[in-house]
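J.: Residues per chain are reported as follows:
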Amino acid sequence: MHNSSANPPAPTAAASDVVAAVLAFIAQDGCTDADFDGLALRLFAYQYANNQPFKRFCQRRGATPRSVKRWSDIPAVPIDAFKELPLRCEPPAASDRVFMTSGTTRSEVKGRHFHPTLAVYDRSMIGNFAQRFMRGHGPMRMGILFPTETVLANSSLAHYLALAMEAFGTAESRYFMSPQGLDLPGLCEALSDAQQRGEPFALLGASYSFVHLIDELKRRGQSFRLPAGSRVLDTGGYKGQSRDLPLDTFYAELSALLGIERSHCINMYGMTELSTQFYDAGNASVPSVKSGPHWIRSRLVDPLTGREVAPAERGILVHCDLANFNSVTTILTEDVGLAADGGFLLLGRAEGAQAKGCSLAVEEFIRAAA
Amino acid sequence: MTTLHATAGYLPGLAPADVQWRSLRFESGPTRLEVAVPVLSPDQMRALAVRVGHATRRHLKTMTVSGIVDVVDRAMARLLDPADPYRRELDQLLPIVTGYDAEMVRLGLTAFFKTFRAPQLHRFVAEDFANPKLLDEFQPRPKGGAAKAFGPELLVHVWAGNVPAIGLWSLVCGLLVKAGNIGKLPSAEPLFAGLFARLLAEVHPPLADCLAVVWWKGGDEEQASALYAEADTVLAYGGNDALDQIRRRLPVTTRFLAYGHKLGFGLVSASALDALKAPATARLAAWDVMRYDQQGCYSPHVFYVERGGRVSPREFAHYLASELANLQHRFPRRALSLEDSATVAGWRQGIELQAMAVGDGGGDALIGEDGAAFGVAYTDEVKELAPTASHRSIQVVAVDALDQVVARIEAHRPFLQTAGVAAAPAELFRLAELLGAAGVTRISAIGAMSSPEAGWHHDGRFNLLDLVRMVEIEQSAEIAADPLAPYAD
Chain H
1 MHNSSANPPA PTAAASDVVA AVLAFIAQDG CTDADFDGLA LRLFAYQYAN
51 NQPFKRFCQR RGATPRSVKR WSDIPAVPID AFKELPLRCE PPAASDRVFM
101 TSGTTRSEVK GRHFHPTLAV YDRSMIGNFA QRFMRGHGPM RMGILFPTET
151 VLANSSLAHY LALAMEAFGT AESRYFMSPQ GLDLPGLCEA LSDAQQRGEP
201 FALLGASYSF VHLIDELKRR GQSFRLPAGS RVLDTGGYKG QSRDLPLDTF
251 YAELSALLGI ERSHCINMYG MTELSTQFYD AGNASVPSVK SGPHWIRSRL
301 VDPLTGREVA PAERGILVHC DLANFNSVTT ILTEDVGLAA DGGFLLLGRA
351 EGAQAKGCSL AVEEFIRAAA
Chain X
1 MTTLHATAGY LPGLAPADVQ WRSLRFESGP TRLEVAVPVL SPDQMRALAV
51 RVGHATRRHL KTMTVSGIVD VVDRAMARLL DPADPYRREL DQLLPIVTGY
101 DAEMVRLGLT AFFKTFRAPQ LHRFVAEDFA NPKLLDEFQP RPKGGAAKAF
151 GPELLVHVWA GNVPAIGLWS LVCGLLVKAG NIGKLPSAEP LFAGLFARLL
201 AEVHPPLADC LAVVWWKGGD EEQASALYAE ADTVLAYGGN DALDQIRRRL
251 PVTTRFLAYG HKLGFGLVSA SALDALKAPA TARLAAWDVM RYDQQGCYSP
301 HVFYVERGGR VSPREFAHYL ASELANLQHR FPRRALSLED SATVAGWRQG
351 IELQAMAVGD GGGDALIGED GAAFGVAYTD EVKELAPTAS HRSIQVVAVD
401 ALDQVVARIE AHRPFLQTAG VAAAPAELFR LAELLGAAGV TRISAIGAMS
451 SPEAGWHHDG RFNLLDLVRM VEIEQSAEIA ADPLAPYAD
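As they're listed, the protein sequences go chains H and X. Quick note on my numbering: the first sequence kicks off at 1 and runs consecutively. Quick note on my numbering: the second sequence kicks off at 1 and runs consecutively.
No lab work stands behind these hints, which were simulated from the structure alone. Hints may be right or wrong, so weigh each one.
Claimed, not checked - Examples of chain X residues lying across from chain H (beta carbon under 7 Å, computed): (1) Q20; (2) L338; (3) E339; (4) S341; (5) A342; (6) V344; (7) L353; (8) M356; (9) A357; (10) G371; (11) A372.
All residues carry an ideal CB built from backbone N, CA and C; glycine is no exception.
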């Protein structure tokens, strides 16, 4: 059988141009509003022309390259569309990397994000990570509390963490999560070692893995005083994989057990449907303000009308990520946000309001049917 | 912004100063309403239960059912009088608390209160007791002996929130069987029950201590458990999770009556789809969708519409959409919270995306513009019964024959209750047989789905009989008594 991955199809000329433009934009030192609009509109025209489902979606909303004048005019595609529609401009190829959403119920269709090349994703991640997590620090010993990219080939987070370790980790860095679970003895040994040698250590992983770590360390009555400069990166919330811990308790305990200041406990907010991440400047107080680099912008909307909410009101987050060159730049999330100085506060998911009457709520019904 | 204040609950024997209060805040347009809700200690809760129990034995248990009907009827006459201060308070405050359109609330309350007038209440009792005197005194039984129905000493109600005044059903049931009643207010509508209790005490002062209305914050185990421990029967409305939590906290000897969330649907036969009847049926269907924005257990979420009539199911969906657009002018949908907006948006997007995924340009999949305060989804494919996002979101499904629907609903038996049917008489009874077997317990006309008739059997249960305990004097006791009489030979 012909193996196309040995000989990937060359990207179309239009795609190469778009990729080059996005990479150049990311490499810029910031941008003006006009710069941002310029590339956003170029990407919109490209995606409108090369992705039929997206074009139909825009047409239903009366948006065309002619009517869209600013990034905020681009119709925001609900993230569920990544489950229902093939949102991609380049034709499928065996060499594509496909990141899939984890899905919270067993029968759920997974959202798929197609990346014909990871050049843009990787560049977006690295530049931003260097600034927001490494904060200019050189290579650091890292521990990863998440499965490897080999185990989870379709996980954008697995790729993100692999990239972090490869680009910013020292040779001693390693994974402490196996299919059997958390390697606590190995991790404790590495942490003790780092503590003795006085070398800063970075621990990165899914938020729920840190909850398991907190529980285990407390059970063993063990704690660490990691050297100055050590840091933590957690992401993704608990997703029902661990007990639910209030944010403040989470960071208080993490900080106490590892001896890392809360200002060095950084939360990353990312999504399979994006190619760029948001970070806070530590979690000395919660909820912390999240912000992204110059190639992503966000607004807060009423999800029914799509209109922006008043400044002091909560809204659903819409992100316009210029690194999403192949899918759609602008997505409507299910996350509730509130505008804050320099970014936004992330207030959790817009859970369907609890049914207060006697009419059945969709969620209860789905659970009963599952 | 004007701020109004109200006090919730009804606590006989407790001075307001002895109780802690919390404030629940409601906002509607330019008006803010602060409702003070009582937070009792577990000891206060127990004392209240004792007081209600005593008073009930003394006053309520000694009344006849007809006497109780008369008291409730007099209270209803007050609530049906638009000039009465109690009614005025409800008309003013309930729209603020619930967010529903004031006119919708006013009409809804009047229709609802009418089902609790004396003739309706007598019918209500007669539905469950062929001989209502069973509730008053020992009555001869055909098999021999005699029997009397005793209500609970203490009946605890846990009410649900979004349909205003809905707690009246169970509270009146409790009164009719002469139970001591303590109800827990829902935070979403904490006003009606306390107000009704005050009115009842005013209409018939001996009842003043026979009922109480309390509140606790969801999850406050201690207060809840203190009260549950005193109850012999607990009646609760809510989602299955909430009901399960209550059940786990009850002693095994406590009777638990649970009314879970339900999912209504309608069937429209081809016989109701000619040029005259179809628009009329669609108008009635729109009313069922509009009333309390589909928050009732009986509210419809799906209409299955039969092909073969002069008006096609697709056209019916369009009629329904234009009726909902009309109703939006008369009874605007309430303002949605961000969470509700997200739910409705998610439902709409799901339909849109699925239509796009199968290559349909979207066409009629979703009728009603973006931003319209209702949504009618239409599909040509037979679809499983499923809840919509409510808030006037309705699914119309075209079917070749209404019998097809049965296979689409029977898997959801635990959630079935009301089916609205528009069909010719023979069809109605044939369908009723099938629907009943599938788990439906109430079949109404379309247009009456969201206003059950007096004396209906909620979820197919006996509202009053489920509450009582039959005490029988067997014939043997009667026969054995005879020789012990002073006049025995």
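J.: Could you check the structure against the hints above and give me the numbers of any it violates, in ascending order?
T.: 1, 11
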